[in-house]
Amino acid sequence: MMRVLLQPLHRWIWLDAGRRSRKLLKFAETEADGGRDLVRAAEVTRDPLLRRLLLIHARDEQRHAELLRRRGAALFSSTHSRSGYRADWLAPGERGLDDLRVEELQDGPLLAFLHLSEKSAAADFRSYRDVLGHDPPTRAVFEEILRDETYHMNYTLLQLSRLAPDRHRILLWRARLKRLWNGYLRLALAIAGLLSGMLLTLMYFSLLVPFAWLAKRAASREPTGWSRIAPERNLSLDRQY
Amino acid sequence: MNILGISAHYHDSAAALIVDGVPVAAVQEERLSRRKNDASFPLLAIEWCLEQAGIGPEALDAVVFYERPMLKFERILTCALRAFPRSWLAFPHAMKNALGEKVWMRGVISSHLGVRGNKVLFTEHHQSHAAAAFLAAPTERAAILTTDGVGEWATMTVGIGDRRERRASIRLLREVKFPHSLGLLYSTFTAYLGFEVNEGEYKVMGLASYGRPTLIDQVRKTIRRTPDGAFALELEYFDFHTTAQRSFSSRFLDLFGPARSPYEPIDLNSADGRRFADCAASVQRVLEETVVEIARRLRKETGMPDLCMGGGVALNGVANARILAEAGFERLFVPPAPGDAGCALGAALYADRIHFKNPDREVPDHPFWGPTADGLTLARLAREDHLPCDELDDSVLIERTADDLVAGHVVGWMDGALEFGPRALGHRSILAAPQSSGMRDRLNREIKYREEFRPFAPVVPIETADRYFELPPGGARLARFMSGVFPVRPEWRAKLAAITHIDGTARVQTLERSMAPRLHALLEAYGRRSGIPVLLNTSFNLAGEPIVNRAVEGYSTFRRSGIDVVVAGRTRVAKRASSATRQEESACSRNVASYNVV
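The listed protein sequences derive, respectively, from chains W and G.
Counting from 523, one number per residue, gives the positions in the first sequence under my numbering.
Counting from 2, one number per residue, gives the positions in the second sequence under my numbering.
Among the clues, some could well be false.
Unchecked claim - Capping the alpha-carbon separation at 27 Å, the derived lysine-lysine pairs in DSS-like fashion look like this:
#1 G:Lys576 - G:Lys204
#2 G:Lys178 - W:Lys738
#3 G:Lys120 - G:Lys358
#4 G:Lys496 - W:Lys738
#5 G:Lys449 - W:Lys548
#6 W:Lys548 - G:Lys37
#7 G:Lys301 - G:Lys449
#8 G:Lys37 - G:Lys449
#9 W:Lys738 - G:Lys103
#10 G:Lys222 - G:Lys178
#11 G:Lys204 - G:Lys449
#12 W:Lys738 - G:Lys222
#13 W:Lys548 - G:Lys576
#14 G:Lys97 - W:Lys548
What the hints assert, rightly or not - Non-contacting residues of chain W with respect to chain G, defined by C-beta distances greater than 10 Å in every case (computed):
#15 Leu537
#16 Gly540
#17 Arg541
#18 Ala554
#19 Phe598
#20 Leu627
#21 Asp652
#22 Pro659
#23 Arg698
Since the hints were made in silico from the structure, they are not lab data.
Note that the Cβ used here is the ideal one computed from N, Cα and C, for glycine as well.
Start from the sequences and build out the full structure, keeping to the hints where you can.
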């Protein structure tokens, strides 16, 4: 339902070629990061089959990154786009395993997290694909990625059932709650960042003006070239300044 | 006395531990966390160093941070004020960044390690560079030159070091201050050429060989020499001191034309591609001229035959070779980790020798201070995946590996302790035959996934290096840690096509048997078969990943790339998945394909 409601918004976001290219390039970075985390997960697990599957998954993510990067770069070249609003909040890519400490997770929780992450990304990518009728090459990229995402969702759930036959439902619920908590933390951090940024900007324009004048005056008098280092400057290692 | 050195928070976090004056462990955080250029507080590296020495944090006599955080904060704040009101966007970001953790290092270290605050000491950034360069070098007296992007305020220092009669001293005489910085000049061009700053500087150096310095007059407009022999940037061409968004100004673009998009490949046959290559060649030439001239003056001033160099600019092998050839020094020492990671070791050495006045001790002349790769783990992983795996005697293993290399196979080579520093010097290397350019192309295409203009380096036994490479006096020493770029002898260029750069040079590593005996034996075995005891040696990692550390990381890299054989300890694994593995994986794929979850 929510996705249907958001469709006009997605349509607007993906209409502009410059924005499209920047989003694809951003997605490419996220996929590549996710791929690296999967490699790490494969290196950490003690289960040989899971290790092999995670490595296959990691290769897929790298391939997706390349597909997205190529398409993003092609659009970038055609638009010569340099800046603009990317609307990350409104149309997220696959979040991958960002902020996840792979070493701290056992196979079960990791697979539950992966499964939900892939499922959510697949839903997002499907929305984007549906509004990209005007750009067949980009749509084809999402089509291809979606095929793999389905496979990733399936294998992660299957392996979760194999490795934690009695607990896989609990693990999935825990992973859902964890995602919710992470979402809350992201929001809280963003609001805190916004507020602190506003306060610091206010300080910048109100309190710092005289100091800025003094600093500029001092800078204009500063000689260039070598400055002598006084021998006594570094006698003490106790101070931080 | 146990002293821990730490570098953190900008790029390349690391920890190093010295016990009774001798390093026992040093490792970059990225090698353990597996996040490239990990700049976070190096907890994993610290834990590993302490574990390696078999001590807890309570046994530390001092913990030394590699720079003075408040002094750095002063610089950041002052620059924001100087750039008022243009810095209004950068200011909140910079303040949040600094005030979050970076300025509270004494408390951060105390709380993480549980050591008393008075045990936490601070060196200056360039003191750490100087100490890493001088106190670890096999010389008693030397001139010192450190140069990088920026530390607290200093971007370049010169000084002298003395270690006679087991009393060490380092006296830094002069400094050039931010924003005038050779490192940031080079980084600005790195960004302009579409490469990632702090990562793509190697690419600029590689690209420079494809160009001609036709834009040298334009580059000289951006930097001038000062009457006292230093230099100053013409700041109207730069923006790095006023904003975090962009390092070059619109005047810079007027001078050099539009910047390269990072997403467009460099086509050296196009006009733009040639312009970018010429630009790289021009800034490289100006950098070389500037440091050579400064080094020449330092030589005259100190009269010393040896020079120790530290800081990120000391990774520029072309400039180093020119300093050795033209500045008048007989020997040039560049440590294996001249960048910020090496400051962890430098800070610890400085505290030991100079702050605590402990007697000077010789530092082992090798870069192998990290964790050890375990052949048994590699064997277990290979068996679990039903891959052909042999555990062989050392001599047999070396002969077999030489056979692999002659057969054109690419070998992932893990031997003993991990290197400290950005270069693979024979313990975590990808090795291959150096003869054909096809091998270079294959490595770029199937393994390293990188630009075709980037060269691969050779490794050669020091005894025979001179036969293949034109090494000036002192060149073999500079090449010990791959710190110099030297010409390949013309008669060997075609026979060493995979490691000969477009301009006929190579960033050669000369290997002494005592430094890496197994690799040395492998070079000899390969030489017996091919007639050329030279191998292509590139770091054992894939694009965007740190160099591998443990056997499991070497194994996963091997599985994901075109590497044919991987060796760790006495274990050799070749790439040929057994039918059992393929059946198991495809069975799993079939199962999941029919599993309806969507």
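inquiry  = Given the hinted pair W:Lys548 and G:Lys37, is their Cα-Cα distance within 27 Å?
reply    = holds (18 Å)
ask   = Does W:Lys738 lie within 27 Å of G:Lys496 when you go C-alpha to C-alpha?
value = With Cα atoms ~59 Å apart, G:Lys496 and W:Lys738 exceed 27 Å; violated.
ask   = Taking only the CA atoms, is the gap from W:Lys738 to G:Lys222 under or equal to 27 Å?
value = Roughly 24 Å separates the two Cα atoms, so the pair holds.
ask   = Taking 27 Å as the top limit, are the C-alpha atoms of G:Lys576 and G:Lys204 close enough?
value = Measuring from Cα to Cα gives roughly 31 Å; hence the hint is violated.
task = Measuring Cβ to Cβ, find out whether W:Pro659 lies farther than 10 Å from everything in chain G.
result = holds (16 Å)
message = Hint check: W:Lys738 vs G:Lys103, CA-CA at most 27 Å. Holds or violated?
response = holds (25 Å)
message = Does G:Lys449 sit within 27 Å of G:Lys301, going by the straight-line distance between their CA atoms?
response = violated (44 Å)
Hinted pair G:Lys37 and G:Lys449, Cα distance within 27 Å = holds (15 Å)
task = Please confirm whether W:Leu537 is truly not at the interface, meaning its C-beta sits more than 10 Å away from all C-beta atoms of chain G.
result = For W:Leu537, whose nearest Cβ neighbour in chain G is about 21 Å away, the distance exceeds 10 Å, so it holds.
query = Was W:Phe598 rightly flagged as not at the interface, with every chain G Cβ beyond 10 Å?
reply = violated (5 Å)
27 Å Cα cutoff - pair W:Lys548, G:Lys576 = Violated: W:Lys548 and G:Lys576 sit about 34 Å apart, past 27 Å.
task = Taking the shortest Cβ-to-Cβ distance between W:Gly540 and chain G, state whether it exceeds 10 Å.
result = holds (13 Å)
Checked against the numbered hints above, the structure violates hints 1, 4, 7, 13, 18, 19; every other hint is satisfied.
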